[in-house]
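Dock chain B against the given chain A, drawing on the hints supplied.
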Amino acid sequence: AQSVTQLGSHVSVSEGALVLLRCNYSSSVPPYLFWYVQYPNQGLQLLLKYTTGATLVKGINGFEAEFKKSETSFHLTKPSAHMSDAAEYFCAVKGSGQGNLIFGKGTKLSVKP
Amino acid sequence: NAGVTQTPKFRILKIGQSMTLQCTQDMNHNYMYWYRQDPGMGLKLIYYSVGAGITDKGEVPNGYNVSRSTTEDFPLRLELAAPSQTSVYFCASSYSKGEGWETQYFGPGTRLLVL
Numbered sequence: 001a002q003s004v005t006q007l008g009s010h011v012s013v014s015e016g017a018l019v020l021l022r023c024n025y026s027s028s029v030p031p032y033l034f035w036y037v038q039y040p041n042q043g044l045q046l047l048l049k050y051t052t053g054a055t056l057v058k059g060i061n062g063f064e065a066e067f068k069k070s071e072t073s074f075h076l077t078k079p080s081a082h083m084s085d086a087a088e089y090f091c092a093v094k095g096s097g098q099g100n101l102i103f104g105k106g107t108k109l110s111v112k113p
Numbered sequence: 001n002a003g004v005t006q007t008p009k010f011r012i013l014k015i016g017q018s019m020t021l022q023c024t025q026d027m028n029h030n031y032m033y034w035y036r037q038d039p040g041m042g043l044k045l046i047y048y049s050v051g052a053g054i055t056d057k058g059e060v061p062n063g064y065n066v067s068r069s070t071t072e073d074f075p076l077r078l079e080l081a082a083p084s085q086t087s088v089y090f091c092a093s094s095y096s097k098g099e100g101w102e103t104q105y106f107g108p109g110t111r112l113l114v115l
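Just so you know, the sequences run in chain order A and B.
Under the numbering used here, the residues of the first sequence are numbered 1 to 113, in order.
Under the numbering used here, the residues of the second sequence are numbered 1 to 115, in order.
Next comes chain A alone, as it looks inside the complex (with noise of 0.2 Å):
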């Protein structure tokens, strides 16, 4: 069965720092990795996936990741915070149904001025 970790329920960054948010999976057949992002008070929004391909995928608003099967992780980074960065980020893979994605319990960003 398909699994995620997200490490950390809380991340705090000074603006402009280097954003880190680690993410784990756990898939028996090549996964398909998401990032969703939730602003506060909206619905989930994509920011990236990795289906197959290249295993550093760039997505909205500067961020990327990095899909590394050795280590069943797929982290997401942003060289640099802005304040408007500051919202809840949801790791997801497949699952075993048709479409559906098992989720992470996220990962709420904080950005200080």
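Check the hints yourself; a few may be wrong.
To be verified - Using 25 Å as the maximum straight-line C-alpha spacing, the simulated PhoX-like pairs for lysine-lysine come out as follows:
#1 A/K58 / A/K108
#2 A/K108 / B/K44
#3 B/K9 / A/K108
#4 B/K57 / A/K58
#5 A/K105 / B/K57
#6 A/K105 / B/K9
#7 B/K57 / B/K97
#8 A/K108 / A/K49
#9 A/K68 / A/K105
#10 A/K112 / A/K68
#11 A/K112 / A/K69
#12 A/K105 / B/K44
#13 B/K44 / B/K14
#14 A/K69 / A/K105
#15 B/K44 / B/K57
#16 B/K97 / A/K49
#17 B/K44 / A/K49
Calculated from the structure, these hints are not laboratory results.
Just chain B, lined up with the frame of chain A:
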């Protein structure tokens, strides 16, 4: 193009009452989903539909029912509300061939409080 819309935004229910959460999408997506989000727990899939007339259970279906009579609408029914159903409910849709890599588009959510 409104995307995925949900009504109501917020509702308070008494234990034992019923209600229907509405979800509509205008993107002609074939797949639609209902998730619930509890604090610190991520999103859990309640039900999903791969097309009009076809629905299936997700991870946490107990206490809920769904129907899909049109491509656009996917209502979620709570028959006998319980405090454990206090949550934020998200509807999502995608155009999918069942491969699972397609982007899901989410509505803004319905916050439900059962007292």
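Structure-based check of each hint:
1. A/K58 / A/K108: Holds, because 21 Å separates the two Cα atoms, which is no more than 25 Å.
2. A/K108 / B/K44: Between A/K108 and B/K44 the Cα gap is close to 18 Å, so the pair holds against 25 Å.
3. B/K9 / A/K108: holds, 23 Å
4. B/K57 / A/K58: Judged against 25 Å, a Cα distance of about 33 Å means the pair is violated.
5. A/K105 / B/K57: Holds, at roughly 21 Å.
6. A/K105 / B/K9: holds, 23 Å
7. B/K57 / B/K97: holds, 18 Å
8. A/K108 / A/K49: At roughly 19 Å apart (the allowed maximum being 25 Å), A/K49 and A/K108 satisfy the hint.
9. A/K68 / A/K105: holds, 21 Å
10. A/K112 / A/K68: Status violated; Cα separation ~30 Å.
11. A/K112 / A/K69: violated, 33 Å
12. A/K105 / B/K44: Given that 25 Å is the threshold and the Cα spacing comes to 10 Å, the pair holds.
13. B/K44 / B/K14: holds, 23 Å
14. A/K69 / A/K105: OK: A/K69 and A/K105 at ~21 Å, within 25 Å.
15. B/K44 / B/K57: holds, 11 Å
16. B/K97 / A/K49: Since the Cα atoms of B/K97 and A/K49 sit roughly 17 Å apart, the hinted pair holds (cutoff 25 Å).
17. B/K44 / A/K49: With a Cα-Cα distance of about 19 Å, the restraint between B/K44 and A/K49 holds, given a limit of 25 Å.
Of the numbered hints given earlier, the model fails hints 4, 10, 11; all others are met.
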